[in-house]
Amino acid sequence: MDTNLSKKSKKLAAILWSIALPGFGQLLNQKYVKGLLLIGLEFIINVMGNFNKIIIYSFQFKIEEAIEGTNYLWLMFYPCLYFFAIWDAYKDAGGGERPFAYLPLVFSAYFVTIGLIFSSKLHVFGYLIGPMWLPMLFLPIGLSIGAFIQWILLKVYTKK
Numbered sequence: 001m002d003t004n005l006s007k008k009s010k011k012l013a014a015i016l017w018s019i020a021l022p023g024f025g026q027l028l029n030q031k032y033v034k035g036l037l038l039i040g041l042e043f044i045i046n047v048m049g050n051f052n053k054i055i056i057y058s059f060q061f062k063i064e065e066a067i068e069g070t071n072y073l074w075l076m077f078y079p080c081l082y083f084f085a086i087w088d089a090y091k092d093a094g095g096g097e098r099p100f101a102y103l104p105l106v107f108s109a110y111f112v113t114i115g116l117i118f119s120s121k122l123h124v125f126g127y128l129i130g131p132m133w134l135p136m137l138f139l140p141i142g143l144s145i146g147a148f149i150q151w152i153l154l155k156v157y158t159k160k
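Quick note on numbering: the sequence shown equals residues 1 to 160 in full-length UniProt numbering.
Hints in this document: simulated from the structure, not taken from any laboratory.
Hints are supplied without guarantee of correctness; some may be wrong.
Stated by the list, open to error - Here are the simulated DSS-like cross-link-like pairs (lysine-lysine), alpha carbons at most 30 Å apart as the crow flies:
id : residue 1 : residue 2
1  : Lys91     : Lys7
2  : Lys91     : Lys155
3  : Lys8      : Lys34
4  : Lys31     : Lys8
5  : Lys53     : Lys121
6  : Lys7      : Lys31
Please read all numbers here as calculations on a predicted model, not as lab measurements.
Start from the sequences, fold in the hints, and give me the full structure.
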């Protein structure tokens with residue numbers, strides 16, 4: 001039981017560190033080149049997309065300023081990098097052995113990107129949500145659709 005608990009702890013640590021900063025989970029898994037590459041890419045996309053300013057403005061509910069400060073051409077790369085880093089760290093820590101386990105995170109990347117695309121125009125209950133909050137609202141949609149497709153594929157392929 002200690003071994004099983006240790007494996008689960010290692011997977012959770014990789015996920016949580018990757019959520020904190022893409023590449024940290026890889027460093028934890030001793031994948032140093034990949035980890036440093038992901039950290040470098042995260043830094044470049046963050047700076048070029050003005051992501052830290054967007055976060056600050058969004059928490060201050062200055063949504064118009066957040067939208068004005070967003071470099072969408074750069075920030076569009078962020079969701080795929082972010083969710084790939086989480087998946088990769090989890091996989092390298094021993095997770096993701098179930099068939100199609102990657103689908104919820106792949107669809108999360110897709111739908112967070114869609115949320116970002118529409119973040120300057122889409123209003124939710126009459127409010128403009130902006131480039132940080134709207135993509136986050138699209139996350140559960142991506143997770144759900146990915147999990148549903150995973151469930152369908154498991155049903156289809158386990159019957160054969």
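| message | Holds or violated: Lys8 and Lys34, Cα atoms, limit 30 Å. | response | Satisfied, since the Cα-Cα distance of roughly 22 Å is no more than 30 Å.
Would the hint linking Lys7 and Lys31 be met if the CA-CA limit is 30 Å?
Roughly 17 Å between the alpha carbons, so the hint for Lys7 and Lys31 holds.
| Would the pair Lys91 and Lys7 pass a check requiring their Cα atoms to be no farther apart than 30 Å? | Answer holds: Lys91 to Lys7 is near 12 Å, not above 30 Å.
Taken at face value, is the distance from the CA of Lys121 to the CA of Lys53 at most 30 Å? holds (19 Å)
Could you grab the alpha-carbon distance between Lys91 and Lys155 and see if it respects the 30 Å cut-off? The given pair, whose Cα atoms are some 23 Å apart, holds under the 30 Å limit.
**Asked** For the pair supplied as a hint, Lys31 and Lys8, is the alpha-carbon distance within the 30 Å limit?
**Response** Cα-Cα ~19 Å, so holds.
Figure legend: structure checked against the earlier numbered hints; every hint is met.
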